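Chains as they are written, first to last, in our numbering: chain C, 11 to 253; chain X, 312 to 1061; chain U, 155 to 242; chain E, 155 to 242.
Since the hints were derived computationally from the structure, they do not count as laboratory data.
Any given hint could be a false lead.
[To be verified] Derived pair list, reagent style DMTMM-like, types lysine to aspartate or glutamate, alpha-carbon separation capped at 20 Å: (1) E:Lys201 to C:Glu158; (2) E:Lys201 to U:Glu233; (3) X:Lys736 to C:Asp121; (4) C:Lys198 to E:Glu173; (5) U:Lys201 to E:Glu204; (6) C:Lys198 to E:Asp176; (7) C:Lys198 to E:Glu233; (8) E:Lys201 to U:Asp158; (9) U:Lys201 to E:Glu238; (10) U:Lys201 to E:Asp158; (11) E:Lys201 to U:Glu238; (12) E:Lys201 to U:Glu217; (13) U:Lys201 to C:Asp128; (14) X:Lys765 to C:Glu40; (15) U:Lys160 to E:Glu187; (16) U:Lys201 to E:Glu233; (17) X:Lys765 to C:Asp224; (18) C:Lys50 to U:Glu233; (19) X:Lys736 to C:Glu42; (20) E:Lys160 to U:Asp192; (21) U:Lys160 to E:Glu183; (22) X:Lys736 to X:Glu1054; (23) E:Lys201 to C:Asp121; (24) E:Lys201 to E:Asp158; (25) C:Lys198 to C:Asp224; (26) E:Lys160 to U:Glu204; (27) X:Lys765 to C:Glu42; (28) U:Lys201 to E:Glu214; (29) U:Lys201 to C:Asp170; (30) U:Lys160 to E:Asp192; (31) E:Lys201 to U:Glu204; (32) U:Lys201 to E:Glu217; (33) E:Lys160 to U:Glu183.
Small disclaimer: the values here were computed from a predicted structure and weren't measured.
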Amino acid sequence: MDPGVKCGIVVFPGSNCDHDVYHVLGHVLEQETLFLWHQKTSLEGCELIVLPGGFSYGDYLRAGSMAAHSPIMAAVRRHAEAGGRVLGICNGFQMLLEAGLLPGAMRRNRDLRFLSVDVHLRVERDDLVYCSGYRRGEVLRMPIAHAEGNYVDTDEALDDLERSGQVVFRYVDSEGNLASGANLNGSKRSIAGVCSAEGNVLGLMPHPERCAEDLLGNGDGLALLAGAVQAGGGAELTAAVGG
Amino acid sequence: MTASGSLAGEPAVDAGLASEHGLTTEEYGGLRDLLGRVPTYTELGIASALYSEHCSYKSSKIHLRRFPTRSRRVVHGPGENAGVVDIGHGWVAAFKMESHNHPSFIEPYQGAATGVGGILRDVFTMGARPIACLDSLRFGDIDGERGARMRHLVDGVVRGIGDYGNCVGIPTVGGETGFHSSYNGNILVNAFALGVCRRERIFTAVASGAGNPILYAGSRTGRDGIHGATMASEAFDSESEAKRPTVQVGDPFTEKVLLEASLEAMRSGVVLGVQDMGAAGLTSSCFEMAARGGAGVEIDLDLVPLREASLTPYEIMLSESQERMVFVTQRGQEGTVVSILSRWGLQARTIGRVTDDGRARLTFRGRTVADMPVEPLVDGAPVYDRPARPPADLARRQEDVRPEAPDDPLGALKGLLGTPELGDKEWIFRQYDSTVRSNTIVGPGSDAAVLRLKGTPSALALTSDVNPSYCWLDPRLGGRQAVAEAVRNLATVGAEPVGMTNCLNFGSPENPEIAWQLRECISGMADACRAFDVPVISGNVSLYNETEGEAVRPTPTVAMVGVIDELMELGVEGELNRLLGCGFWRAGDRVLLLGRSGDEFGGSAYQRLLYGVEAGRPPSVDLGAEAALCALLRRARRSGWLSGCHDLAEGGLIVALAECAMAWGLGMRGSFDGGPLSLFSEGQGRAIVTASPARVDDVLSSAEAAGVAASDIGEVGGDRILLGFDGGVVDSPVDELRAVWTEALPRAVG
Amino acid sequence: MTPDAKPFVARVLVYPRAEVLDPQGRAIEGALERIGFDGVQRIRAGKSFEVALRAASSTEASEAVDRMCRQLLANPIVEDYSVEWIRA
Amino acid sequence: MTPDAKPFVARVLVYPRAEVLDPQGRAIEGALERIGFDGVQRIRAGKSFEVALRAASSTEASEAVDRMCRQLLANPIVEDYSVEWIRA
Ligand SMILES: Nc1ncnc2c1ncn2[C@@H]1O[C@H](COP(=O)(O)OP(=O)(O)O)[C@@H](O)[C@H]1O
Ligand SMILES: [Mg+2]
């Protein structure tokens, strides 16, 4: 693999996809990858910060709400504000919302049950570093596994989000069409993933790290992580996306 | 010790109180003799827990001895928290199955959740990292008004299992779910967990080295679950309501950090022994750990972290509060463990030490409240050879009831697919995270789940099986069949069985007819284990599953683990998850039927679910023919000949073909040499395989060489199932079958 | 329910029973402490429901709410409930 | 917190904001109807927390609880909260 970026995976008590992300970044993509304990206050020079899935602190209040106050989150915030890459997957996405690094909030899934299934996603942007391996409109298959992935915000906020092109992935059917049957958790406007205005912070509910190897029958998620570790980006990224 | 061990407010101990604790007159007498005095209240509580069926296996021990427990792969057989087998490349797998039937009936959500928690702790106390769970569930009638409570139980159990396993981050990759009115008053919730670790990292629960400290870690001790072990050893009656406060509440977050912290502590090199507090809490963990080390223990109960200060020694020793562990470390090194645990936000505290006098001595506020010999209480618990005799109505049960041939085989097929029993179980398993840890190649919905083993070329396969109707009609045959089906399910993915665990769910062994069922089932299972050379490495017995005299169907749940040595021999990477599943996915593949098809309808789904008849002799199980079929399947898999495989089970050939078609929505066209009734026969030792036309001859000629009947019955393709048989044809769009099948369970659970 | 039913609004509070583990309460205590609230002594975490219903009388309304609590809103095995009236 | 802090107990109620769909409330309404409660008009499903804390004064206590709500107990995008005092 090409020299990419140094990756840090934040481990919160209750994270449980930390090792899965590590496996893809460290072993499949062969990047320098380390775990960052939630009590750290420095990111140790990591350029890509991943907030992994799981049930941080048990998620006993709202998913991600307690982790959002972890000591390391101040450093993650500074990193994000400086244009650094932050990728939140599932519980990590929930943390980014709770920490205010991405707009919106999560409610419990529409039918109030945990959902562990494969879904189809439509790629809404291909100008983000994360999506550089995808084409706009492309349909991906990825697993979801969550109880609180029902994305919501006010209508005005959602309009703003759409206008500024911050919706990155939507739940669709296998043909790429919006359909309520394909939006299993009930998210507003079928939103599955959003980015910050500058495009450097991305959060999504599906798990790209669980579908990054052919051996597991699905490699659709690999390009997302491969994009995330691409060298360069940084400043150019901000310029290219324009915010 | 004198009676000074009694505390103010404690009831006086006598034979009557002992009997309320479930001890027989003889057991109580034996206890008094052992101590040489009247036991204290705390001691009585401890003895009643250790003598309970749940902890002592007093009614089943004598039968369990029949199981083969050794093989060249077995590292630890029964007796540890979980059995351990070698799975190659320097790795071992630790696994076990446990019941949580009674708690789940009382409080389905917490009962099932804490069942998962308990089995996970059994695995990680061995030093193994849990990587997969299975759950085997039996419910009663869920239809109509009368089924309302049962639907509530289904909902609660499934949520409980899901919420716990999902939070800890262990995928639930398979299981089984059955429905039968015999479970109306007593559902079954059996949870299985498997963990892996490097061979040299395995730990055992041993207390050794006089003077070494005993540390308590995890949640504080509360009043919950007091007497759970005793409760699991009693039949239900109207008083069970009153036992409700004994339900434990699970905290999966604490479990997750306890898991990580414990594994880290075990890697630190200072830990000598680890034991979780499961049934009978601190009592069983201290006594069993001491017994294994031939040691004694001294515990200061004032040091046990409590949720409420008012807990008595009796309550402290019997509490079943969840997410608690005991560590024994080298003397002077306890600080290492304390600091690892505290990094994970957990408290650890020294509560006592190991001694060398073989006694358990407990003190509380300056008084000795228990002083008992360890070994005789743990290993010397009574063993009963309960009277056993076949049920009076056995002959009537087994009377052959010839089924009627279906006028409308397609209608009968739809009828079966539309029952919760044979319907799609996705409504259940989509509530379980089945892909976390990113090892799942084949998840729930197939014959066997398949997990890659990172860092090795191999994979593990898992399955859980039993047919309670077969076991009720002929327990010996039913026991055999359960093992045979498990071996066959593993063979469908090319896996060699390496070990088995089980959960024996029966009614009261004090009823001679149930004792007979238990004995016969175990014999049948043991015979089959020998025939297939599969060791039993762990297990659990759950007796007294009955309510007001009505026992559950005998349900000896089998969970089996297999190894695929070289995963890549089976096919190319991107196709493995499809070709190891049991669905048609490649048009043009040939469909072959392996195994001899005879008419077998005793206890069949056809009779039971369509006609309400549960009678006859269950399908015969020819262990030699099964072994030949399984060897053939494994060979064909390893040779990369197969693109899919599905064994024939409930509902027979036509149901199996429908399942293959519904998996990916791809149909088949072919013909079967038999009448309409034979489509539904449950003759054992059969499987459907698919292969590209170029491979058909290889499969057929190997089958011939192996003495396994084989015929080409059709071709994969199109969007219909079209199967000709003697006198007619079954013809249906796959979508129509799928609609019936997928709706069955969601509709039933409302 | 009679045609002349009147509107009532109850508030139902459901908490884990005192002797039962309250993992959520413990977790919140921990989180509050971590973010610097040092005066917190104890958190009990529970559910609250606002139930608007029509009933012929306050007795009937209160009986109905009580039944709801026992049958659905609270799990008596692990939870206690209490009812207050917002509109009686 | 000063040494002469006094004990306070607040009750915090957190409900989905009016304009946000309350799937749990809807589910409970459905379930109540199915089991035969026909007078139910509307259910709001929320959370309640009992917060026991020590503070120097009631003003201080109420400020602390307010901050807890904003920082942790409620998410303003989807939830509203209210505070009542059980022991003020
Ligand atoms: N409670 C459950 N949890 C997880 N998976 C389940 C459960 N019940 C059934 N399944 C899955 O549904 C599929 C069908 O089950 P079953 O008919 O018992 O399979 P088989 O007859 O091959 O043993 C299996 O893949 C099984 O793993
Ligand atoms: Mg099968």
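Hints, one by one, checked against the model:
Note on E:Lys201 and C:Glu158: the hinted pairing holds, with a Cα-Cα distance of about 16 Å set against a maximum of 20 Å. Taking the CA atoms of E:Lys201 and U:Glu233, the gap is about 14 Å. The hint holds against a cut of 20 Å. As the CA atoms of X:Lys736 and C:Asp121 are separated by approximately 17 Å, the hinted pair is consistent with the 20 Å bound. Straight-line distance between C-alpha atoms of C:Lys198 and E:Glu173 comes to about 13 Å, which keeps the hinted pair within the 20 Å bound.
For the suggested pair U:Lys201 and E:Glu204, the alpha carbons sit about 11 Å apart, so the restraint of at most 20 Å is met. With a C-alpha separation of about 14 Å, the suggested pair C:Lys198 and E:Asp176 falls inside the 20 Å cut-off, and the hint holds. The straight-line distance between the Cα atoms of C:Lys198 and E:Glu233 is roughly 16 Å, inside the 20 Å bound, and the hint therefore holds. Annotation: proposed proximity of E:Lys201 to U:Asp158 is violated, straight-line Cα distance about 33 Å (limit 20 Å).
Between U:Lys201 and E:Glu238, the direct Cα distance comes to roughly 15 Å. Compliance with the 20 Å bound is thereby established for this hinted pair. In summary, the hint linking U:Lys201 to E:Asp158 is not supported, as the alpha carbons are separated by about 33 Å, beyond the 20 Å threshold. For the suggested pair E:Lys201 and U:Glu238, the alpha carbons sit about 15 Å apart, so the restraint of at most 20 Å is met. Proposed proximity of E:Lys201 and U:Glu217 is contradicted: the alpha carbons are some 23 Å apart, above 20 Å.
Between U:Lys201 and C:Asp128, the direct Cα distance comes to roughly 32 Å. Violation of the 20 Å bound is thereby established for this hinted pair. Between X:Lys765 and C:Glu40 the CA atoms are separated by roughly 15 Å; this keeps the pair inside 20 Å, and the hint holds. For the given pair, U:Lys160 sits about 18 Å from E:Glu187 by alpha-carbon distance, which is consistent with the 20 Å threshold. Distance check on the hinted pair: U:Lys201 and E:Glu233 sit about 14 Å apart at the alpha-carbon level, within 20 Å; holds.
Taken as a hint, the X:Lys765 and C:Asp224 pair is honoured in the structure, with Cα atoms around 14 Å apart against an allowance of 20 Å. For the suggested pair C:Lys50 and U:Glu233, the alpha carbons sit about 38 Å apart, so the restraint of at most 20 Å is broken. Taking the CA atoms of X:Lys736 and C:Glu42, the gap is near 42 Å; set against the 20 Å cutoff, the hint is violated. The suggested pairing of E:Lys160 with U:Asp192 holds, with an alpha-carbon distance near 13 Å, which does not exceed 20 Å.
Note on U:Lys160 and E:Glu183: the hinted pairing holds, with a Cα-Cα distance of about 19 Å set against a maximum of 20 Å. With a CA separation close to 10 Å, the supplied pair X:Lys736 and X:Glu1054 stays within the 20 Å bound. Restraint check for E:Lys201 and C:Asp121: the C-alpha separation of about 19 Å stays at or below 20 Å, so the hint holds. Of the pairs offered as hints, the one joining E:Lys201 and E:Asp158 is violated, with about 32 Å between alpha carbons and a cut-off of 20 Å exceeded.
About 32 Å separates the Cα atoms of C:Lys198 and C:Asp224, which puts this hinted pair outside 20 Å; it is violated. With a CA separation close to 32 Å, the supplied pair E:Lys160 and U:Glu204 exceeds the 20 Å bound. Our distance criterion of 20 Å between C-alpha atoms is met by X:Lys765 and C:Glu42, whose separation comes to about 19 Å. Restraint check for U:Lys201 and E:Glu214: the C-alpha separation of about 26 Å exceeds 20 Å, so the hint is violated.
The straight-line distance between the Cα atoms of U:Lys201 and C:Asp170 is roughly 34 Å, outside the 20 Å bound, and the hint therefore fails. Taken as a hint, the U:Lys160 and E:Asp192 pair is honoured in the structure, with Cα atoms around 13 Å apart against an allowance of 20 Å. Only pairs whose Cα atoms come within 20 Å are accepted, and E:Lys201 paired with U:Glu204 is accepted, the gap being roughly 11 Å. At roughly 23 Å between alpha-carbon atoms, U:Lys201 and E:Glu217 are farther apart than 20 Å, so this suggested pair is violated.
Taken as a hint, the E:Lys160 and U:Glu183 pair is honoured in the structure, with Cα atoms around 19 Å apart against an allowance of 20 Å.
Hint compliance for this structure: hints 8, 10, 12, 13, 18, 19, 24, 25, 26, 28, 29, 32 are broken, all remaining hints hold.
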